[in-house]
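A.B. asks: Using the hints, put the two chains back together into the complex; each one sits in its own frame.
Residue numbers (the working numbering), protein chains in the order written: chain A, 1 to 354; chain B, 1 to 287.
Calculated from the structure, these hints are not laboratory results. Quick reminder that beta carbons are idealized off the backbone N, C-alpha and C, glycines included. Mixed in with the good hints there might be a few duds.
[To be verified] What the simulated footprint calls covered on chain A by chain B, stretch by stretch (three residues with Cβ under 8 Å from a Cβ of chain B suffice, anywhere in the stretch; the number is not a length):
#1 61-71
#2 163-176
#3 210-217
#4 329-343
#5 346-354
[What the hints assert, rightly or not] Among the chain B residues that face chain A by a calculated CB cut under 8 Å, a handful are:
#6 Y55
#7 S57
#8 L61
#9 E119
#10 N146
#11 G229
#12 D231
#13 F232
#14 D240
#15 S246
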Amino acid sequence: MKKKIISLVSVALLLFSLAACGEGGNGGDAQSINVYNWGEYIDQSVLDDFEAETGIKVNYTTYASNEEMYSKIVSGAASYDVIIPSEYMISKMISEDLLHELNFDNIPNYKYIGEEYRGLSYDPEEKYSVPYTWGTVVIVYNTKYVDEEDVADESINLLWNEKYAGNILMFDNPRDAFALAHIKLGHSMNTTNPEDWYEAAEELKKQKPIVQAYVMDQIFDKMLNEEAYIAAYYAGDAMTMMDENENLAAYVPREGANMFFDSMCVLKSSRNKEAAEKFINFMCETEIAVRNAEEVWYAIPHTAAYEALDPEQSEDPLVYPPKEVLDKCEVFINLNKETLVLQSELWINLKTQY
Amino acid sequence: MSKTVTIGNKKATVSPFASWMTVFVLVPMALVVYYAFTNADGAFTFENLKWIYTYRSTMFLSLRLAFIATVICLLLAYPIAYSMSRAGEKIQRNATLIIMLPMWMNFLVRTYSWMTILENNGLINSALRSIFGLFGGEFDGFQLINNRGAIVLGMVYNFLPYMILPIYTSLTKIDNSLLEAARDLGSNGFHVFKRVILPLSIPGIISGITMVFIPSISTFIISRILGGGKDFLIGDLIEDYFLGNSGVVNYNIGAALSMVLMILILIATFFMNHFDKDAKTSGGGRI
Numbered sequence: 001m002k003k004k005i006i007s008l009v010s011v012a013l014l015l016f017s018l019a020a021c022g023e024g025g026n027g028g029d030a031q032s033i034n035v036y037n038w039g040e041y042i043d044q045s046v047l048d049d050f051e052a053e054t055g056i057k058v059n060y061t062t063y064a065s066n067e068e069m070y071s072k073i074v075s076g077a078a079s080y081d082v083i084i085p086s087e088y089m090i091s092k093m094i095s096e097d098l099l100h101e102l103n104f105d106n107i108p109n110y111k112y113i114g115e116e117y118r119g120l121s122y123d124p125e126e127k128y129s130v131p132y133t134w135g136t137v138v139i140v141y142n143t144k145y146v147d148e149e150d151v152a153d154e155s156i157n158l159l160w161n162e163k164y165a166g167n168i169l170m171f172d173n174p175r176d177a178f179a180l181a182h183i184k185l186g187h188s189m190n191t192t193n194p195e196d197w198y199e200a201a202e203e204l205k206k207q208k209p210i211v212q213a214y215v216m217d218q219i220f221d222k223m224l225n226e227e228a229y230i231a232a233y234y235a236g237d238a239m240t241m242m243d244e245n246e247n248l249a250a251y252v253p254r255e256g257a258n259m260f261f262d263s264m265c266v267l268k269s270s271r272n273k274e275a276a277e278k279f280i281n282f283m284c285e286t287e288i289a290v291r292n293a294e295e296v297w298y299a300i301p302h303t304a305a306y307e308a309l310d311p312e313q314s315e316d317p318l319v320y321p322p323k324e325v326l327d328k329c330e331v332f333i334n335l336n337k338e339t340l341v342l343q344s345e346l347w348i349n350l351k352t353q354y
Numbered sequence: 001m002s003k004t005v006t007i008g009n010k011k012a013t014v015s016p017f018a019s020w021m022t023v024f025v026l027v028p029m030a031l032v033v034y035y036a037f038t039n040a041d042g043a044f045t046f047e048n049l050k051w052i053y054t055y056r057s058t059m060f061l062s063l064r065l066a067f068i069a070t071v072i073c074l075l076l077a078y079p080i081a082y083s084m085s086r087a088g089e090k091i092q093r094n095a096t097l098i099i100m101l102p103m104w105m106n107f108l109v110r111t112y113s114w115m116t117i118l119e120n121n122g123l124i125n126s127a128l129r130s131i132f133g134l135f136g137g138e139f140d141g142f143q144l145i146n147n148r149g150a151i152v153l154g155m156v157y158n159f160l161p162y163m164i165l166p167i168y169t170s171l172t173k174i175d176n177s178l179l180e181a182a183r184d185l186g187s188n189g190f191h192v193f194k195r196v197i198l199p200l201s202i203p204g205i206i207s208g209i210t211m212v213f214i215p216s217i218s219t220f221i222i223s224r225i226l227g228g229g230k231d232f233l234i235g236d237l238i239e240d241y242f243l244g245n246s247g248v249v250n251y252n253i254g255a256a257l258s259m260v261l262m263i264l265i266l267i268a269t270f271f272m273n274h275f276d277k278d279a280k281t282s283g284g285g286r287i
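So that you can see chain B by itself, here it is in the shape it has in the complex (with noise of 0.2 Å):
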């Protein structure tokens, strides 16, 4: 008796939980795959998909600048989670509250605020050539802004925290007598941190690098700010597709390239998650 009844409100707890990925996220997903395959008329169609080919160029650049995005999120993502994962409780607690402090802005703002920054006539060159200016020096700025680099630099600085936190919290998940039993049998800190420290906060690299490449290879607001609306990426072309702000609005083709999207960022998450558990197993046989 007692059995059935949690079952039931086991099943009862879950609904509404089903219901809502049915309506938000299953139910939008099969919609892009029947736009992908249906033109105008709604009749099914593999014409659509001619598109991702014109449209390569636009991918790898999206790819490319997604890739870079996330290999330098990991560099300057890892050696702060480790400092701050080995410091004091109080600092542990204040340095999570700084990098949680940016995302409490809106993403938009926090971006055109990079704008001013970057500008010829931004924070950066104003200082600069004041600096110049004391020497009697003239200084013509740098250009920062309306490039590739400040592209790369928006969805670094955007995402960054998405990195930073899941590998700090992998890195306090582990155990401090692991660490004492590997210096016991010898290790160097060198070592220890390759043999120990780092299988271990594999975890936490694997779901930084999905939440970093994921909405940077998605991004389109970003290209638009920093990099002057001069390249599209694929979001703003799928972006363009949607709203017509080129003159026609096209599900379809605009449905066909979010699903490249989809597929090529389903099969980054089936690799990460093939690597971590391959890594837990690992991990698990060594303890």
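The following block holds chain A by itself, in its conformation from the complex (with noise of 0.2 Å):
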């Protein structure tokens, strides 16, 4: 008897530790969310901030993808309360029923947002997301190393140039990875065509060979360090480079380029929806936004916030591109199933070709 009270009694601590683990850091408490963003895109001081005003403890963790944060989300594994994917995620996680509507009773400041950022068409109307900062996707350099004449037509193809070879870094993503290689032969990056993606697998099978790695946010290190001299990647973080190391200059494609808009968005399974919210309409006060801006150096759709930037900053044509530049550039929407099983498919076989 005595025997099987212990055992069950073990078994019972060992399922009340999982149960435990399965919480998260939620633990239910009203007083505490999750937030999970990207890395390297928040000042983290504005997270104390909103715990001295509010009460409110902030789980705050990172992740390096769209795709990461969806699969860490539909496993169950961990449970969010905010998130700030792109718009593409955003009509993914729309479609799949996994975002909350907002109440924006709770978001007075939502009024800051600018026109031209609201209804997009990731969220035509209005009722799942809060723009949070938005840019493009830039070519950096090292002034050093490449030659004028290889940047002067500020072109996609500087990423194929064999003179470079060891000397570039890609996306390690396929969806930049893929979008690049699009640009480049002239192809929507939304395309649905299964032509146009195995054209762009070739382009990059093609470029294997003079890419020094694929990265993602080790290429600070890499760039910052001049162990690479020619790279793509997201504005504010190629601003933060370029802020770090001065041989590092950089331009957005002329024959185009991906804009991303990340928006903040409360998960459907939080069970601290209110608190969500408040956090969101925090991160909407302008003298939050424009810290947050001078940190991350993205640009942000933020009216009262913009206008108190620093003209060096707001003024930057590569924080914030003019007209001509942005209407080449291409937001990413959601591909289909089949797109999506083929661009796996695709980036997996480059990936084992050896």
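C.D. replies: Okay, structure coming up:
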């Protein structure tokens, strides 16, 4: 009898501890929220201010790609309240009924969001998301090693220039990498024509021997230490790099680039929606938005904060590209299932061709 | 009366371990097998197994690199372990500490630090460049990173302690009187090593090989950090299918590939254990 009780108790304990793990940091506590954001994408001191002002504790964690965030959420491995995905991921998550319809009574600061950033195609009825930042993909290069004549035409072809073999960095995620190949070929980056994808895959295969490495956040190290000379990356991060190494310069390729909108959303599974909305509202307070923008250097949709920014930032043509540049840029839309499967196969194929 | 109590206690002490194993080992393994033989709708299928064939070259590359890393570890570890086991007690203690020391640091940090050492502007190439500079020479630097060699180096560096420690332990367990006896009976140094020391250290070698080969074949982060993310190893492929970094999450294909890995490891362990037993009995026979 005794042994039975002991084994029962141990099993019960085990299950209990498992259940506790499943709760994650949430714990059902009304006074804490879990925020899940891209890496290097916030002024951390803003979080402390939020905690001090509202008494709501913020558990802050980061991810490296939309896909990583998505799979973590659908696997149910952890519960989050606020997430900041890009537009195509938002439309995918809306279509899968993962996002909570925001109560804008709790987000009065939404009034600051500029007209042109509202009701965009990924959330046409302005129900699920509050724009956080936006920007484009740019090509960063080191002026010390890259000849002026090679960048004079501001072309995407720099990423395929064999003169710089072994010194080029590429995105280590297929959506961004394929977008660059599509631009080079003059395709839409949202094409669903398999032929276009095969051609793009050929371009990436051709490029692979001259690529030094496929990276995401490691790009900072490699570009700052002048380990690599050329890379494509997100504008705000490029600005941060250029700030730290004066030899770096960047341009939006004349053929076009991806333009992205990252927006704050609340998950349907959140047990703390009101606190999550409070957090979103707090991030849209003018003073907070200014501080955050000064740290991350991405473009902001917040009109009042934009006015308050140092002109050095608000007039930078890489952060806020002029209209004729933006007209050439394209926003990702969520690809259909067949195209995603093809993209995945082609990407794995690229990585398993030895 | 007293007997039943002892048995009861024994079972009671085993039960936490048994439940731990059930929840964290058996259930996950059963889940891997379940996913490997079902499709997205949960219906039974062999379809996922065809991917094993599709990715055979990835499998072979992983096997090859893990094999090379294991051989290098063994060649490095044996002499180190041997000289440690022959040294004085204080040296033995300090040497063990030095070997363990890097393991107190996070695996990722250790691997990242190799990036700083091997890069074109890293420690080695910068040092060589300044030496060449002293003589007025030009030096372009060696390509030390973002290739297969760097991946193998990462494996060897990270897993070497797992080879040294078991060999060292088995060597220290050898009774000195056996060596003296062999000498008395006319064996020279080499002969003592070949006939007495080596056979008696085989259990250590076996567990060392297992402990290096298994993490090497399943690693995924080393190839990304030191290999430049250009070539997938089997671990990268499995991670990709489970996390959906390429745009599609597919637990079924991921599980099928993991299952192959599990089977490979099981086979390896089986052979190793078999070999181990042989070594033990023959060793015992000689004594």
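A.B. asks: With reference to the structure, classify each hint as holding or not holding.
C.D. replies: Do the hints match the structure? See the list:
Counting residues of the region 61-71 of chain A whose CB falls under 8 Å from any CB of chain B gives 5; the rule of at least 3 is met. Against chain B, the region 163-176 of chain A contributes 5 residues with a C-beta closer than 8 Å to a partner C-beta. That satisfies the three-residue criterion, and the hint holds. Residue count for the region 210-217 of chain A with a Cβ under 8 Å from a Cβ of chain B: 5. That meets the three needed, and the coverage hint holds. Note: the region 329-343 of chain A has 4 residues with beta-carbon separation from chain B under 8 Å; the three-residue rule is met and the coverage holds.
A stretch counts as covered by a chain when three or more of its residues have a beta carbon under 8 Å from one of that chain; for the region 346-354 of chain A and chain B the count is 5, and the coverage holds. For B/Y55, the suggested interface contact is upheld, since its CB lies about 6 Å from the closest CB of chain A, less than 8 Å. Hint on B/S57 holds. Least Cβ distance to chain A is approximately 6 Å, under the 8 Å limit. A distance limit of 8 Å between C-beta atoms decides the matter here; for B/L61 the minimum to chain A is near 6 Å, and the interface restraint holds.
Contact between B/E119 and chain A, as hinted, is supported at the beta carbon level, the nearest pair being about 5 Å apart and thus within 8 Å. Checking B/N146 against chain A by beta carbon gives a least distance of about 5 Å; that is within 8 Å, so the hint holds. About 4 Å separates the beta-carbon of B/G229 from the nearest beta-carbon of chain A, less than 8 Å, and the hint is met. Interface restraint check for B/D231: the shortest CB-CB distance to chain A comes to about 6 Å, inside 8 Å, so the restraint holds.
Hint on B/F232 holds. Least Cβ distance to chain A is approximately 4 Å, under the 8 Å limit. Satisfaction of the interface hint for B/D240 is found here, the shortest Cβ-Cβ separation to chain A being roughly 7 Å, below the 8 Å cut-off. About 4 Å separates the beta-carbon of B/S246 from the nearest beta-carbon of chain A, less than 8 Å, and the hint is met.
When each numbered hint is compared with the structure, no violation occurs for any of them.
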